[in-house]
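Asker: Chain by chain, the residues run as shown.
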Amino acid sequence: MKRQLSVVTALVAGAALLLSACGSDSKTTSSDSSGPAATGSSAAGTESSAAGSDAGSSSAAPAEATGGVILANGTEPQNPLIPSNTNEVGGGRIIDNIFAKLVYYDAKGETHMEAAESIETTDSKTFTVKLKAGQKFTDGEPVTSASFIDAWNFGADVTNAQLSSYFFDPIEGFADVNYCEKDAGPPDKKGKATCLPAPKAKTMSGLKKVDDTTFTITLTEAQSDFPLRLGYSAFAPLPTSAFKDIKAFGENPVGNGPYMLSGPGSWEHNVKIDLVPNPDYTGDRKPQNGGLTFTFYQAYEAAYSDLQSNLLDVIDGIPPGSLTSYETDLPGRSVNQPAAVFQSFTVPARDPHFSGEEGNLRRQAISMAINRDEITKIIFSGTRTPASDFTSPVIAGWSDSLKGADVLKFNADGAKKAWAAANAISPWDGKFTIAYNSDGGHKEWVDAVSNSIKNTLGIDAEGKPYASFAELRTQVTDRSIEGGFRTGWQADYPSVSNFLGPIYKTGAGSNDGDYSNPEFDKLLGEGSAAKTVEEGNKFYEQAQEILLKELPAIPLWYSNVTGGFSTNVSNVQFGWDSQPIYYAIQKKA
Amino acid sequence: MLWYTGRRLLQFIPVFLGATLLIYAMVFALPGDPVAALFGDKPVNPQVAAQIRAQYHLDVGFFQQYLYYLKGVVTFDFGKSFSGRPVLEVMQSAFPTTIKLAFMALAVEGILGIGLGLLAGLRRGGFFDGTVLIFSLLIIAIPVFVLGFVLQFVFGVKLGWVNPTVGGNATFANLLLPAFVLGGVSLAYVLRLTRTSVAENLTADFVRTATAKGLSRRRVVTVHVLRNSMIPVVTFLGADLGALMGGAIVTEGIFNIPGVGNALYRAVRAGEAPTVVSIVTVLILVFIVASLLVDLLYAILDPRIRYV
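First to last, the sequence lines map onto chains A and B. Residue numbering for the first sequence follows the UniProt record's numbering, starting at 1 and increasing by one per position. Residue numbering for the second sequence follows the UniProt record's numbering, starting at 1 and increasing by one per position.
Calculated from the structure, these hints are not laboratory results. Each hint should be verified, as a subset may be incorrect.
Said to hold, decoys possible - With a Cα cut of at most 30 Å, we get these calculated DSS-like pairs of lysine-lysine: (1) B:K42 / A:K409; (2) A:K125 / B:K42; (3) A:K464 / B:K71; (4) B:K80 / A:K443; (5) B:K42 / A:K202; (6) B:K100 / B:K80; (7) A:K587 / B:K158; (8) B:K42 / A:K522; (9) B:K158 / A:K588; (10) B:K42 / A:K200; (11) A:K505 / B:K42; (12) B:K158 / A:K247; (13) B:K42 / A:K247; (14) B:K71 / A:K244.
Claimed, not checked - Part of the chain B face toward chain A, derived, beta carbon under 8 Å: (15) P34; (16) G126; (17) R269.
Said to hold, decoys possible - Across the chosen pairs, the derived CB separations fall in these ranges: (18) B:G84 / A:G488: 43 to 53 Å; (19) A:D245 / B:F145: 56 to 66 Å; (20) B:R8 / A:L323: 45 to 55 Å; (21) A:P319 / B:A107: 48 to 58 Å; (22) A:K244 / B:Q64: 27 to 37 Å; (23) B:F76 / A:L323: 45 to 55 Å; (24) B:A25 / A:S401: 49 to 59 Å; (25) A:D351 / B:G84: 58 to 68 Å; (26) B:K158 / A:G430: 45 to 55 Å; (27) B:K158 / A:G382: 25 to 35 Å.
The C-beta atom is built at its ideal place from N, Cα and C for all residues, glycine as well.
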């Protein structure tokens, strides 16, 4: 028996040694959550004390009274929680709940004033913003004109390398704060930067403070729908404490929105983030629940399992494997509605056979050769809506009756005719490909679309997989990609121009196909300069009719938002941006 | 033995250098510009992209990047992920959970595998032996993610005995099901290894001698048979520990466990060289330490083995 004991002891000792060995290597500490808290410095400190005292004094009680905490799915934010550096959903939904921008969007995508009392303009070029009085951040600092001006200047300053900086592009003086010594093209093959950031100015000349609650925004050119974009996360205000230590702020942000972080360390990396109602919030998005907990999931499958067990209250996506069964799994608790996401693929005019009249005919032929109805039904179980224009049904200004929209309908004869007409100009040779990233679940539809084209036009067509999103985007960005490639656009703010300008305007940032048409640009300009959004949309319709002729991108479908909720909650609505309206969700007693 | 251990520990240095260089080269060779991917479908602001590249030393050559990394490691600065989080912190939050999970899985394989294997080996050819063998074949044949999803659905969603996912609550009870899934396949191997080994040793000379000496059956089995049968099993378990820690990606995904597999997967997808290299290096160290421990255990299990 003694011998046996020594074996066991050795095993245990070995295990302990091993544990301590990896421990010392990774500097393992006892608790997972100690990480974020430990990094908190001055800004985090002030926030915690302020939040603590606030919650303690007046407000914890009424917040409790509004009901239980809503458990929602989320993903670990890709970036620190700094509004101008957050460009993906995981961080975006948190930013949107803890910051009040000048305006907010309701479920239908309509814009309402939030931090702003009014935004006025006479020429669509200079806007005067008046803030509501008496607003404050959760650290007690009042929200003033400077809170917005300083935050926006910070976001635009190239030395801060904020991912959403291009949002400030329309503002006068942006070029000076986003300036590079040398022209910054795409990096060369070794990844060497071709630019040294060296801003000529630290602030944008287009932002001027009038008084504590008034400021003006001047744009480089007229833009009637500019106020619509002010509800995007990049336009959030920041308290002065943010600039003292932006890194600590990103871990533990201080906002002015309907919710606030429950305290330092409430963001448990890769695990969850806890938000509680902000007692000082006076806007319209008043929380009707006791708080939000976003649990971070690596995959929708796991979140869906939790939802079925009522351990999660609301989910903003159904895993592909459950798309055929979720409506019966969640009787009366499932959601499937169009969202502001436009899917397409692009065939650049630089490709042989795809320029000029020949190119237009070929794109029309390809577009007519795709059976969108069938593919959305079979591949996506009806969770996509076939496209009828270049925007999305949730946007005011969407249309299914534009002149020339016929090219988006399956029409085998028309497709063959157009293709033959193009062949008369210059005979087709080679293979037609659609590039996609195979890490994103695109193979099925790309194969279906290729087959549809192949069978209708009798040409060789197939998908061309890239291992990763990064690889695809790199080739798209440096223009080395050949053939067609998948493109998509999720609107940043509910406006038709957001679906057109950034993608098809000559030289625009996301114009991956290098499309250029002076007439289209002119119509965009006229739409922007119009006095009202409705008037502008008339110009945008004409602009879209040009796109339908030339098809710089071939529209496929609009993504729907799919989702569901548990039996513990009510009043679940999904907004135009595919996100649940979290503040309105109520927990059943 | 002490001298031997020291020598083995010294080997860590070249292995560390070689491994990090190799992995760094592999991540470097990944296609695509990680900074371009940061912008998603949104327009890439070339000025900002250049600034980010400079920040992460992505604008210099491979060896310079690697030297920057090494320079950091010497001062326990393992670099930063693109989210600005120090890699050290990423590892600090990921490793404890995975270590817990891996050791629980190891315990599952060890206890169930050795126990069932011993019984099967003692009753070779019997009904119990046959049943256990079929059971182990079945487990080996089922892919981990199928086993994971099915058990999660049955015990988590339908029966409600356990939470379907673990999340931040990595308690013993919550990790039991994932540990079983993770250790399942290896359990079958441990079981079969033990069974064969035990069955073989039962007919060995020293067992006959021990029985002839008049030792009780219990003592013969535990001290003479089992102990001598443990060498291949311990070798397997030692190597498996590293595999359990690095190979938990599927299990961690199914049960939403914020561990190493998850962190590694995200880092590879984002092309974050420092994170990938640091995590993999730690995993390599785990492998080395485990194999050292296995070697030392040999000497305890079989006194004929000596290290000098």
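Asker: Regarding the pair K464 of chain A and K71 of chain B, is the alpha-carbon distance no greater than 30 Å?
Answerer: Outside the cut-off at roughly 41 Å; violated.
Asker: Could you grab the alpha-carbon distance between K42 of chain B and K202 of chain A and see if it respects the 30 Å cut-off?
Answerer: Roughly 24 Å between the alpha carbons, so the hint for K42 of chain B and K202 of chain A holds.
Asker: Next pair to validate is K158 of chain B with K588 of chain A; report whether the Cα-Cα distance is within 30 Å.
Answerer: 23 Å, holds
Asker: Just to be sure I understand the hint, the distance between the Cβ atoms of D351 of chain A and G84 of chain B should be within 58 to 68 Å; is that true here?
Answerer: 39 Å, violated
Asker: Taking the beta carbons of A25 of chain B and S401 of chain A, is their distance inside 49 to 59 Å?
Answerer: 57 Å, holds
Asker: Is the hinted pair K42 of chain B and K522 of chain A satisfied, with a Cα-Cα distance of at most 30 Å?
Answerer: Answer holds: K42 of chain B to K522 of chain A is near 23 Å, not above 30 Å.
Asker: What's the verdict on K125 of chain A and K42 of chain B, does the C-alpha distance respect the 30 Å limit or exceed it?
Answerer: 25 Å, holds
Asker: Does K587 of chain A pair with K158 of chain B here, judged by a C-alpha cut-off of 30 Å?
Answerer: 23 Å, holds
Asker: Tell me if the straight-line CA distance from K42 of chain B to K409 of chain A falls inside 30 Å.
Answerer: Given that 30 Å is the threshold and the Cα spacing comes to 29 Å, the pair holds.
Asker: Less than 8 Å between beta-carbons is the criterion; does P34 of chain B satisfy it with respect to chain A?
Answerer: 6 Å, holds
Asker: Okay, K244 of chain A versus Q64 of chain B on CB: inside 27 to 37 Å?
Answerer: Given about 33 Å between the Cβ atoms, the range holds.
Asker: Given the hint of 45 to 55 Å, check if R8 of chain B and L323 of chain A actually sit that far apart at their C-beta atoms.
Answerer: 53 Å Cβ-Cβ, so the 45 to 55 Å window holds.
Comparing the model with each earlier hint shows violations of hints 3, 4, 12, 16, 18, 19, 21 and 25; every other hint is respected.
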